[in-house]
Amino acid sequence: MESIKRALKFQGRDFIKSAGMFWLVLFIVNIGSYVSMYKFNRGFIGISVSGYGSIDGIDITLISVAAANLVPIIIFFIVYCYEMYYEYFPVAISFSVTRKDFYKSAVIYNLIASAVFALIQGILMKADLHLVQYLGQNTKSDFGIFNSGTDSIIFIVFSLFICFTVFASAMNLLSALNYKFGYRLWIVIALLGIPYSARTGIPFELIGRLFTERIGAAQFSLLAITAIACCAAGFLTVSGTNVKDRL
Amino acid sequence: MIEIRNLSKSYGKTKVLTDIFLNLEDNKIYGLLGRNGAGKTTLLNIVANQLKCDAGELKYDGEDIYENSKAVENICLVREKSIPVDDDKVKRIFDMAKTLYKDWDEEYKEYLVKEFSLNVKKKYRKLSRGNQTIVGLIIGLASRARLTIFDEPSLGLDAAYRYKFYDLLLEDAEKNPRAVIISTHLIDEVTNLFEEVIILKEEKVYLKGEVSNIVEKGYFLNGNYENILSVIKGKNIIHKEEFGASAVVGLFDLLDGEEKALLKSRNVEISPMPLQKLFVYLTENNSKKEGH
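Line by line, the protein sequences give chains A and B.
Using the working numbering, read the first sequence as starting at 2 and increasing by one per residue.
Using the working numbering, read the second sequence as starting at 41 and increasing by one per residue.
Check each hint, because a few of them may be wrong.
To be verified - Simulated pairs of lysine to aspartate or glutamate, EDC-like, Cα-Cα distance not exceeding 16 Å:
#, chain 1, residue 1, chain 2, residue 2
1, B, 162, B, 127
2, B, 129, A, 15
3, B, 273, B, 296
4, B, 142, A, 3
5, B, 131, A, 15
6, B, 317, B, 266
7, A, 10, B, 135
8, B, 149, B, 135
9, B, 92, B, 104
10, B, 138, A, 3
11, B, 68, B, 281
12, B, 248, B, 293
13, B, 317, B, 293
14, A, 6, B, 104
15, B, 129, A, 88
16, B, 110, A, 3
17, A, 101, B, 104
18, A, 101, B, 107
19, A, 245, B, 236
20, A, 245, B, 120
21, B, 166, B, 104
22, A, 105, B, 107
Said to hold, decoys possible - Some chain A residues near chain B, calculated using beta-carbon distances under 8 Å:
#, residue
23, 7
24, 11
25, 92
26, 94
27, 96
28, 97
29, 98
30, 100
31, 102
32, 105
33, 201
34, 242
35, 244
Treat the hints as calculated values from the structure; they're not laboratory data.
For clarity, every value in this text was computed on a predicted model and none was experimentally measured.
Here a beta-carbon is modelled for each residue, glycine too, at the ideal position from N, C-alpha and C.
Isolated chain A (complex conformation) (with noise of 0.2 Å):
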């Protein structure tokens, strides 16, 4: 349990640091993006994400500042997730941890990453819909996996706890993947897969699948599924890495 405590303390030593320094960004971004909403009333300028409704036969333009967070919070997974492999793994395994506590703790990490998002994620969703609104504009809330302008803050922060788990842990896997196998993992994907999922749209649909549905039980457990078997697949391939040299 010590081991753990201590690859712990090591693998969140920065992440404190660079979630903090990302939320702070996102923060910025959004508020400048409310404030340029506010003075220029319009809803283009600054970040947001927008979409197509109608009221009374009316095309309208839907907006949500928050909901463009999701592509940066996607992108902090990944460079997460890849830090954690090819900066940790190496210094870890070298410094006398064993890769089990080390998957242990980079999983936990996932977890505790997913949460603090989806929690802080959530609640901006719905301040969105309320401020979008009182800034004059016509608000998105129907994302598929969720409705903000319906749906309760716990089952928005549910869904996107689920879906930021589901990710991390394939982006976990993948950058454990690419560090044990480098290059060659692309050649095999760009060999096997491009032309398999071209052919079948397989891997697609179930993309699609795993983050556009609403969260009911069925979805909950294929993404509890898939996010099992990818840490399982993670700990399989971890187990059997050795510390590279060079990258």
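Here the structure of chain A is known, so what remains is to put chain B in place on it, guided by the hints.
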């Protein structure tokens, strides 16, 4: 403390270690010797959980080492190669080591930094090879791990810093006893540090024993070849240089007082063979029993 049984490791079709048997005890300083490619680094990496062996057993206090936190947290390997960090400052590397090694001694680290005049504000990648080695040495010493392994600890170090390291290691081993394995090619410099040596040759442990017992058996005999042979018939000759009727013979065997007196009476000069020479002859030649 460490028990190795039947351990083997290959890289593809290349066998590196075959059926290694070793016992390592607490609070001893071991020298691991072997020619380039003998498998020293591979063996050390396996002991330190960096690599998995293909076959055999590796135990720490009776428990398997591989992926066993209880064992691995007590082992510190200072690698021959650079620490795998990107763009970190030395200070940050020490902080990481402090977080990860359970018995880390921060005060001792500060002392070592001063002793080696290391600039901790510099980026690790920008350090000279010698200073990169010093970072590793400080981590190894300050880790206070029960088993500390130094793989080529003298790489890039000048003589003054090498001797400083040897002195610090001896001083610390006295105050805070622990097992240490040093793998090095500069054997003569560290002979006094070693309590036991392990020589790897042809994928196996060729020789393991107390330094004093091994060195005791190494002799150079200089004189008339026939006179030498008449006394050492049947003994293990590991080196021979002939100059006409004279020869210098390297012997790895025990000589009793009577044999020594006989050699001296026949004008044969007897001198002890340094460990480095002994190692070179043992690992390069197939020694043979003269006369058999």
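May I ask which of the numbered hints given earlier this structure violates, with the numbers listed in increasing order?
When the structure is compared with the hints, numbers 6, 11, 14, 19, 21, 32, 33 and 34 turn out to be violated.
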